[in-house]
Amino acid sequence: MYVVAFMMLLVGIDCFNIDTNNVVNILGPEGTHFGYSALMFSNEDSQKWVLVGAIRANFTNDENIKTPGNIFKCKLNFTQSIQDCEPMNIRTNGK
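Here the sequence shown stands for residues -15 to -1, 1 to 80, where the numbers follow mature numbering (1 follows the signal peptide of the UniProt record, and there is no 0).
FYI, nobody ran anything at the bench for these hints, they're computed from the structure. Possibly wrong hints are sitting among the right ones.
What the hints assert, rightly or not - With a cut-off of at most 20 Å between alpha-carbon atoms, the simulated DMTMM-like pairs for lysine to aspartate or glutamate come out as follows:
(1) Lys58 to Asp30
(2) Lys51 to Glu29
(3) Lys58 to Asp69
To be verified - Between beta-carbon pairs, the in silico distance windows are:
(4) Ser66 to Gln32: 30 to 36 Å
(5) Ile67 to Arg41: 31 to 37 Å
(6) Ile75 to Asn6: 34 to 40 Å
(7) Leu36 to Ile3: 17 to 23 Å
(8) Glu29 to Ile50: 32 to 38 Å
(9) Glu48 to Val9: 33 to 39 Å
Beta carbons are placed, not taken as given, at the ideal position from N, Cα and C, and that holds for glycine.
Build out the structure end to end from the sequences listed, making use of the hints.
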């Protein structure tokens, strides 16, 4: 019985699919927890994008807000191994 359960566990692990040959690196600022969260999507033109969260990023000169966090928009180009990202600088207080 335990052997069957163990074999089923191995089959489940063996079936997970990760592409290790076509790796895409998305780099962000150090010390910002870049990549804490990510969302991949495509627009109406089928261009693929990734939104990447960096919870300790700083984009403001406001002294009262030390690390407001930021979201980076990364356009995916699978012919390049490293992707370029641009900060979105979203403000929630209307200023």
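Going through the hints against the structure:
no., hint, result
1, Lys58 to Asp30, "holds, 16 Å"
2, Lys51 to Glu29, "violated, 37 Å"
3, Lys58 to Asp69, "holds, 9 Å"
4, Ser66 to Gln32: 30 to 36 Å, "violated, 18 Å"
5, Ile67 to Arg41: 31 to 37 Å, "violated, 22 Å"
6, Ile75 to Asn6: 34 to 40 Å, "holds, 35 Å"
7, Leu36 to Ile3: 17 to 23 Å, "holds, 21 Å"
8, Glu29 to Ile50: 32 to 38 Å, "holds, 35 Å"
9, Glu48 to Val9: 33 to 39 Å, "holds, 37 Å"
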